[in-house]
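K.L.:
Could you put the whole structure together from the sequences, leaning on the hints where they help?
Okay, here's what each chain looks like letter by letter:
There are 6 protein chains.
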Amino acid sequence: MFIHKQTLQYPSKPEKPDADYARKLQEVIGGQYGEITVAMQYSFQAWNSHIPGKYRDLLFSTAAEEFGHIEMLATMVAQLLEDSPLGITEKAIQDDPAVAAVIGGTDLQHAIVSGAGARPFDSMGNPWSGSYVTASGNLLADMTSNINAEMQGRTQVARLYHMTDDRGVKDMLGFLLARDTMHQNQWLAAARDLQKEGNENLPVPSNFPRSKEHEEFSHQAINFSDGEHMAEGSWASGPAPDGLANFTYVETPPEGAPMNPPTHPDARFYGTTELPNTMEKVAGRVQEKFNKE
Amino acid sequence: MFIHKQTLQYPSKPEKPDADYARKLQEVIGGQYGEITVAMQYSFQAWNSHIPGKYRDLLFSTAAEEFGHIEMLATMVAQLLEDSPLGITEKAIQDDPAVAAVIGGTDLQHAIVSGAGARPFDSMGNPWSGSYVTASGNLLADMTSNINAEMQGRTQVARLYHMTDDRGVKDMLGFLLARDTMHQNQWLAAARDLQKEGNENLPVPSNFPRSKEHEEFSHQAINFSDGEHMAEGSWASGPAPDGLANFTYVETPPEGAPMNPPTHPDARFYGTTELPNTMEKVAGRVQEKFNKE
Amino acid sequence: MFIHKQTLQYPSKPEKPDADYARKLQEVIGGQYGEITVAMQYSFQAWNSHIPGKYRDLLFSTAAEEFGHIEMLATMVAQLLEDSPLGITEKAIQDDPAVAAVIGGTDLQHAIVSGAGARPFDSMGNPWSGSYVTASGNLLADMTSNINAEMQGRTQVARLYHMTDDRGVKDMLGFLLARDTMHQNQWLAAARDLQKEGNENLPVPSNFPRSKEHEEFSHQAINFSDGEHMAEGSWASGPAPDGLANFTYVETPPEGAPMNPPTHPDARFYGTTELPNTMEKVAGRVQEKFNKE
Amino acid sequence: MFIHKQTLQYPSKPEKPDADYARKLQEVIGGQYGEITVAMQYSFQAWNSHIPGKYRDLLFSTAAEEFGHIEMLATMVAQLLEDSPLGITEKAIQDDPAVAAVIGGTDLQHAIVSGAGARPFDSMGNPWSGSYVTASGNLLADMTSNINAEMQGRTQVARLYHMTDDRGVKDMLGFLLARDTMHQNQWLAAARDLQKEGNENLPVPSNFPRSKEHEEFSHQAINFSDGEHMAEGSWASGPAPDGLANFTYVETPPEGAPMNPPTHPDARFYGTTELPNTMEKVAGRVQEKFNKE
Amino acid sequence: MFIHKQTLQYPSKPEKPDADYARKLQEVIGGQYGEITVAMQYSFQAWNSHIPGKYRDLLFSTAAEEFGHIEMLATMVAQLLEDSPLGITEKAIQDDPAVAAVIGGTDLQHAIVSGAGARPFDSMGNPWSGSYVTASGNLLADMTSNINAEMQGRTQVARLYHMTDDRGVKDMLGFLLARDTMHQNQWLAAARDLQKEGNENLPVPSNFPRSKEHEEFSHQAINFSDGEHMAEGSWASGPAPDGLANFTYVETPPEGAPMNPPTHPDARFYGTTELPNTMEKVAGRVQEKFNKE
Amino acid sequence: MFIHKQTLQYPSKPEKPDADYARKLQEVIGGQYGEITVAMQYSFQAWNSHIPGKYRDLLFSTAAEEFGHIEMLATMVAQLLEDSPLGITEKAIQDDPAVAAVIGGTDLQHAIVSGAGARPFDSMGNPWSGSYVTASGNLLADMTSNINAEMQGRTQVARLYHMTDDRGVKDMLGFLLARDTMHQNQWLAAARDLQKEGNENLPVPSNFPRSKEHEEFSHQAINFSDGEHMAEGSWASGPAPDGLANFTYVETPPEGAPMNPPTHPDARFYGTTELPNTMEKVAGRVQEKFNKE
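Here the protein sequences come in this chain order: A, B, C, D, E and F. Mapped onto the working numbering, the consecutive letters of the first sequence carry residue numbers 1 to 293. Mapped onto the working numbering, the consecutive letters of the second sequence carry residue numbers 1 to 293. Mapped onto the working numbering, the consecutive letters of the third sequence carry residue numbers 1 to 293. Mapped onto the working numbering, the consecutive letters of the fourth sequence carry residue numbers 1 to 293. Mapped onto the working numbering, the consecutive letters of the fifth sequence carry residue numbers 1 to 293. Mapped onto the working numbering, the consecutive letters of the sixth sequence carry residue numbers 1 to 293.
Heads up, a few of these hints could be off.
As the list claims (entries may be wrong) - Mimicking DSSO-like on lysine-lysine, the simulated pairs with C-alpha atoms at most 27 Å apart in a straight line are: (1) E:Lys170 x E:Lys5; (2) E:Lys16 x F:Lys212; (3) B:Lys54 x F:Lys13.
Said to hold, decoys possible - Not the full set, but computed from the structure, chain B residues with beta-carbon under 8 Å of chain F: (4) Gly30; (5) Ala64; (6) Gly68; (7) Ala78; (8) Ala116; (9) Pro120; (10) Phe121; (11) Trp128; (12) Ser136; (13) Asn138.
Simulated from the structure, these hints should not be mistaken for lab results. Using N, Cα and C, we set each Cβ at its ideal position, and we do this for glycine too.
P.N.:
Dropping the structure here:
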């Protein structure tokens, strides 16, 4: 159950309107790594969790916080749009190249569709998609997905920090950056706990029987390009992170297996087949089948 | 530049047709964590890379290998479909519940659209999407994304391993599982190298000036739910993974800031505003503007 | 700010596993009119609201309740999947047509992707999309959108009610149906209040200056088909709901205006133009421009 | 059957080119509430209709009219683009900030893809989607969806009216606004007729047996936020619009039901489970199953 | 302008219900090459046409016919669903594997969302998308797109013909196949006319100045794979279809140009750069910029 | 199997940065007819091919070349972005309308998401979609799709050629134009070979039994619009391209068949039905069914 409180976790107030920047902020609302993604991702991971206790509690808590971050950003967007020229301006103003340039950079749906309000879309106008969410039930995989989400998200917020001079906006972004720092750290700690406490290990999933995978290929760094430096990484020799074997380096891909001959499905799929006379036979067979029907 | 060779990295040959399983395999061809995703993701990371040398070489190499995995899986799908009942069957067969059940589980576009061939779609029929790709230019973030992709991918292949009895299919999956093991290990090693060699560190991005984020919130585990076990994790006390501070635990969210008052954008957006008499004034103002036009 | 509580608004417990039904329930989680849609829609309407007070309070409250409904349904889905055959079954069982039929009707990503967990997708596997959300800033339009969402949603839940015999599921649906009844009623009441208190009226938006629309067409029922009964509705004569005029009926569409001649954009768009000799001239002109460059 | 006539319902001719405005008009061609949506929505509602006579006739008629509106708008877009700078300009012009600003606001696919023609896309470049269409078979729900579509559509056209000074464009928009007024009115009248003639009533669907829903929750305004004004609406007391009961107000959500314990699906989904030693047992069980295979 | 007539171009009446087949027919309503695609494609090509006269007339005519084909198919779908078990069945029936198998193959949204009506979606449940439409303004390219659309469409209808025994359905498909034959022929004829009358020629676009393309590569069949038979096609020697040169065969790709060194964008994008000490310098520079702000 | 080589097929180096143009180039990377589409399309056609030998060899070869073209374009985009103002600029610069105009035209995700790198998206920010791919198994249909793809693609590149003055960019485009010329020619030659060698003929699919289609409609040019010039095309008289009959012209559509009466599915779908008293009966029947449950 979720309860809403009419306060914001942190003040969210710009100094002045800026419709171009409002559009940019949409990325961290409704983009691949925006706040809707993390709020939904942590929620579904909690609902799909097979473990009660600390991991699920952490997921529920962080999910709820992230819903509040959508709110802070949506509030900010609406204020940045409040007194902006969004295409509705006097003619004189529209003819000013500076204003025209600003309008050229706005999200047109902020003006036409939401009437100066925020939207569940990214900075290029793509709607948020449920396909951004990862919740596999395997917690070490999912924690790694969360670490990545917070790294990508923090990188995006850091970039956005340099795209404005508005102190109100920067102040709020400084807060979000701090929370992203925390969330990166907490999912790293959770991944560490999972491995330390033996719930899951490398490679994920760790309890798939090793004998069933072709282990001779499990630690081979095979070079499918012609880069000379690939062998220099710690992935080409020495112990692998999963502790199960040493890496070996294979300079060029082994020969491989012969390709299968092309398939010949039922003639009634009307695929193009090998030879004209086969074709006629096929047509004959099709005809026969029709005659029987 | 890519050069194609008409051999497969590993044999890809089923014992018998199985259209239902062909549909399931589509997930690891064209799904969120399928082979198209990793092939494209590693390619774009290489093209966007700001570092020459071992990381870029590794990315190019693995990208090329993954394109070959799409090929192995597409080949397998076509063979699984080759002699399957895909809806084109004699009436007698269609009335057999066992056959009907099989047809009910197939990908209908395998029959109607591709004529018993593979498609760049997932197991539920969603087309592969460019939005599955992550390539931010920040290599530690991107390597973490890659680790996650290989963990999710290997988990999916492990599940698929249990959904068939076909030895040919299982043999090929055993190979893919091994390569996923390698790829998990290699990206983990790459992330380790990046940190050891000082290219990037935690939290990502590591060279954003710390003084600009509100550090007082950077290591606080604030509980936004009422789970009693959240404080038990290593994320609630002790040193954080980034080594910058100790975690602290905050049992309930602080009060927060008051919500901003609602916005009042230009009346010509026709948003609904506060009071009827204000409304009239607004209408009056709109009318005035019209009169002037 | 959102606070999470680890209780459910109403018990959500099936009597027995049913993977086919779990897939059906996904429609009201992640479909066009599922709970994610209403939770997000009411949230964005609240954040974009230009009026403080009762309307915004109602929107925040209902949004928070709907997030809890996603939770109830996701919980139900995970339980329906818990002990279901999801493709991972012994060979003997897979060969049973009854089991095969069940598996044919399941969401394959429940098995392969989420490992028996709920997903932000609809019953046919489409990811939830931000484009399902309506939040225009015009409250009478948005309340009408909400009424529709609750009508469509309640209709879907009513249909789902007849697709199961599980008493646990039916009990929870009976609760959701009741809340949909309430929400239909409340948005109808809100639309009524908005009009009574003069914030907005018909036609929406009501303060667009009437003189600017071509009023001679504003109440004409023009028949563009050949149905003989169109004139029988109350939309063909008598006073219109907006109270501004009487409807009139026009039996066949008036003649209309002549079509514009085709456009001739810049030749360097390489569109196909009228006449070969014009074409040559165009090519000549292109060539000239090139020569100048 | 549809017959095309080479005339337009109303003149559609701009005074001058304006590529930025052409992009804005795409919203009402291919957006969520654009003309393609209503044309398709009314068509599918007619085709799915369970009632012959006046409702179906009205749906067919309005659908055909809306196809004509797509045509008027597409024609307008092509003309607005005809002589516009769309990126193909002499260098001198491109360096003029005013021209650059204009180009910055254009739909790039107007230039690159359609060669100065209209497209079935919205103003931010999203393709029109079949998921915008509502056609449930329940006519009162669908008429409400139609009222909403015309309200949102008319609001968007009203906003667009203020984003141009072109008299030709404004003239055509004045016509579309009038038809939107008509269509709002007609669907309101149709919803009224349906209720008056007893085909459908509130709450929708009205013939779901009331005893099956948990009626004690059907008229309760429960506050899930902390807004003090929620109780002031007519939704918190007095008779509900469905006439079945009075509203009551519940100030805070009741306690709720305990959360279900986490699920434990088949170990071969490789979800992360509770305890390491359980884990070992699980791995053991998996191994056993493998040994049997 | 479009006028609707309440007759069908050809009878559309199945002998008996068949919900599984109804789902299959959705492919040719709302799929990539379904009737919505061709109706919309020909409409947009007509609206974007730069030539009046016979080509535009043909486009308008065929577009209108295709809208009528959507209608025929939607009507058929609704009838196939009318008395089908769609999940709403007595328990006894649900337990029958034959019925369960049928239900497993249905479109669940036919039951839950449209209440036994057609939808603008394909057979796997993907919504129709505006991105299926091609209308470039270059008529020879677009006619080729149309030929392809009719070839793909006719192939799909031919496949569907073999997936049913219903004589009513087969009768209607026999009609659609005939019209697809006509439409393939007419677009081929139109492409032929365009070239004969000199409006457009090969390669498209034909009036791009030849001297601007690197003609030495314009007729080279370069083999990027190791297939031995590539040289056997008429594309490897002899005159090319555009009549401008003879084909030549190049057995392996030429060496190519060296890859560009990696880019180094502004440090404030926080991409990972080459060397740790560079990194420090970068961080220093970022800090400096901050100090200045 | 694919092998990567760290060279480019042709030099890809701009003279100067140009972020606006980088965005435009995204169209031919990740758009409907961009290089990802053709690379994937030719790959899937090869994997689904039912013929070994020259056609499959050609498909594999061209697929591999196109993957290299994605690489050339992605490399170019990264370089165009390298030193561009992407929103991260000093305040003074941001206030310059010329710079603001440039920024208004950029792809915002180039700055925020990829940190000045290329993306698998089109010029309007839509992710590349698997639904762009055509691979039906019918080679004549698929070759026609390929001809179209190369025509559309070459037209787009030709347009892009005129949108820049950068000699480095133009040089690379001149190369791509030449390869598009080759690819148009080769698919035309392949389609010619297929017909000459009898693998496939017109109309596609050519071995569908002619007697099963209603041949009386197969060569009729029926006018569904009122254009007077439709009869002037070679599609209205004379021999049809398939050689099976002469075209005939039908000036207005024949009367057609009566529409089917509306459907009446199971009352538990809660569709709105004809008459109130029927409605009551329906409700009664629903109630009865409930009583039995």
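K.L.:
All the hints need checking, so say for each whether the structure fits it.
P.N.:
Comparing the hints with the structure gives:
no. : hint               : result
1   : E:Lys170 x E:Lys5  : holds (24 Å)
2   : E:Lys16 x F:Lys212 : holds (21 Å)
3   : B:Lys54 x F:Lys13  : holds (23 Å)
4   : Gly30              : holds (6 Å)
5   : Ala64              : holds (4 Å)
6   : Gly68              : holds (4 Å)
7   : Ala78              : holds (6 Å)
8   : Ala116             : holds (7 Å)
9   : Pro120             : holds (4 Å)
10  : Phe121             : holds (5 Å)
11  : Trp128             : holds (4 Å)
12  : Ser136             : holds (6 Å)
13  : Asn138             : holds (7 Å)
When the structure is compared with the earlier hints, no violation turns up for any of them.
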